[in-house]
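Enquirer: Residues per chain, in single letters:
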Amino acid sequence: MNPLLHTLTLAYRPFLDPIDISGWWWWLVIPMVFLISMVYKAIRVPTMRRYWRQVVKMTVQVMVVMVLMCIGLYVIVLWAAPRYF
Amino acid sequence: MSVPDADDEPRFNLFAPILAWLLPGLGHWFLGHRRRARLIATGIGSLYLGGLLIGGLGVIDKETKPLWYYGQLLIGPLTPVVNAWHASHYPPKDPTYSVNHTYAQPSFSHGNEIPTLFTTVAGMLNLLAILDVIVLPRRREEDDRPAGPPGGVERRAT
Chain A
-15 MNPLLHTLTL
-5 AYRPFLDPID
5 ISGWWWWLVI
15 PMVFLISMVY
25 KAIRVPTMRR
35 YWRQVVKMTV
45 QVMVVMVLMC
55 IGLYVIVLWA
65 APRYF
Chain B
9 MSVPDADDEP
19 RFNLFAPILA
29 WLLPGLGHWF
39 LGHRRRARLI
49 ATGIGSLYLG
59 GLLIGGLGVI
69 DKETKPLWYY
79 GQLLIGPLTP
89 VVNAWHASHY
99 PPKDPTYSVN
109 HTYAQPSFSH
119 GNEIPTLFTT
129 VAGMLNLLAI
139 LDVIVLPRRR
149 EEDDRPAGPP
159 GGVERRAT
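Going down the list, the protein sequences come from chains A and B. The first sequence begins at -15 in the working numbering and counts up one residue at a time. The second sequence begins at 9 in the working numbering and counts up one residue at a time.
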């Protein structure tokens, strides 16, 4: 078999073959932040009532701050810096 | 009326942090915080296994990424096991030697960085869990009980 064709037709082997995330790697920040919030709140909250609400709240807060930071950096690097520096 | 309970007092735990390192969430489970334990185990386990599924076992590599490895080591003894397996199944330089030989394909760029971050963050979160159970009362609130009144949990003297 052609080596290239052989490579293309190989089945994905979990834990052995990496997944190609080059086009969408930055979407993985959402599950990562959610899971971090899940563990952090499980450790930190004094009472487990409204636990999931607090997890979602922390996830949204982190994501919003990250998006705002992205916008700020975009403005500074691609708009303000070329004009004023 | 709240009644003081000896189990509500923070106490120094020696065995629980060891259990928490052996398996994420086991320290909380040992102390009676069953719901927290399940959530911790689910969250940390998902991050760790997610990282390994995305990047492969090559994500854990003491030789090339020692600092990340020590962060991953906080997850427990699974990390050195994976590292040992990976070290013994490292792809040989001669491709003809690797025919019919199972080894982890190396990952590169984002395919390596993101899973490395996932697994290391999982380890750092487990460090939080380990620190939490060092001084933690047994069943500090309504973990396995129905929700109590607002502002606190009524505990009955038995």
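Worth flagging that the hints you see were computed from the coordinates, not collected in a lab. A quick note: this is a predicted structure, and the numbers were derived from the prediction, not measured. The beta-carbon is built from N, C-alpha and C at its ideal position, and this holds for glycine as well. Check each hint, because a few of them may be wrong.
Okay, the calculated beta carbon distance ranges per label pair [what the hints assert, rightly or not]:
#	chain 1	residue 1	chain 2	residue 2	range
1	A	Lys41	B	Leu135	47 to 53 Å
2	B	Arg46	A	Gly7	31 to 37 Å
3	B	Ile142	A	Ser6	19 to 25 Å
4	A	Ala64	B	Phe23	34 to 40 Å
5	A	Trp8	B	Phe23	21 to 27 Å
6	B	Leu57	A	Ser6	28 to 34 Å
7	A	Ile55	B	Val89	24 to 30 Å
Examples of chain A residues lying across from chain B (beta carbon under 8 Å, computed) [said to hold, decoys possible]:
#	residue
8	Phe(-1)
9	Asp1
10	Pro2
11	Asp4
12	Ile5
13	Leu12
14	Leu19
15	Met22
16	Val48
17	Val51
18	Leu52
Enquirer: Run every hint past the structure and note whether it holds.
Expert: Each hint, compared with the structure:
For A/Lys41 and B/Leu135, the Cβ-Cβ distance of about 24 Å falls outside the hinted range of 47 to 53 Å, so the restraint is violated. Between B/Arg46 and A/Gly7 the Cβ separation comes to about 34 Å, which falls inside the hinted range of 31 to 37 Å. With their beta carbons about 41 Å apart, B/Ile142 and A/Ser6 fall outside the hinted range of 19 to 25 Å. With their beta carbons about 56 Å apart, A/Ala64 and B/Phe23 fall outside the hinted range of 34 to 40 Å.
Distance hint check: the CB atoms of A/Trp8 and B/Phe23 are about 43 Å apart, inconsistent with the given range 21 to 27 Å. Separated by about 21 Å at the C-beta atoms, B/Leu57 and A/Ser6 break the suggested range of 28 to 34 Å. Checked against the hint of 24 to 30 Å, the C-beta distance between A/Ile55 and B/Val89 comes to roughly 43 Å, which is inconsistent with it. At about 5 Å, the closest approach between the beta carbon of A/Phe(-1) and any beta carbon in chain B falls short of 8 Å, and the interface hint on this residue holds.
Interface restraint check for A/Asp1: the shortest CB-CB distance to chain B comes to about 5 Å, inside 8 Å, so the restraint holds. For A/Pro2, the interface hint holds, since its Cβ comes within 8 Å of a Cβ in chain B; the closest pair sits about 3 Å apart. Residue-level restraint check for A/Asp4 holds (minimum Cβ-Cβ distance to chain B is 6 Å; threshold 8 Å). Hint on A/Ile5 holds. Least Cβ distance to chain B is approximately 5 Å, under the 8 Å limit.
The beta carbon of A/Leu12 is positioned within 8 Å of a beta carbon in chain B (closest approach about 6 Å), and the interface hint is therefore held. With a least beta-carbon distance of about 5 Å to chain B, the hint placing A/Leu19 at the interface is held under the 8 Å criterion. Among the interface hints, the one on A/Met22 holds; its C-beta lies about 4 Å from the nearest C-beta in chain B, closer than the 8 Å criterion. With 8 Å as the threshold, the beta carbon of A/Val48 stays out of range of chain B, its nearest partner Cβ sitting at about 20 Å, so the hint is violated.
Taken as an interface hint, A/Val51 does not check out: its beta carbon lies about 18 Å from the nearest beta carbon of chain B, beyond 8 Å. For A/Leu52, the interface hint is violated, since its Cβ never comes within 8 Å of a Cβ in chain B; the closest pair sits about 21 Å apart.
Checked against the numbered hints above, the structure breaks hints 1, 3, 4, 5, 6, 7, 16, 17, 18 and satisfies the rest.
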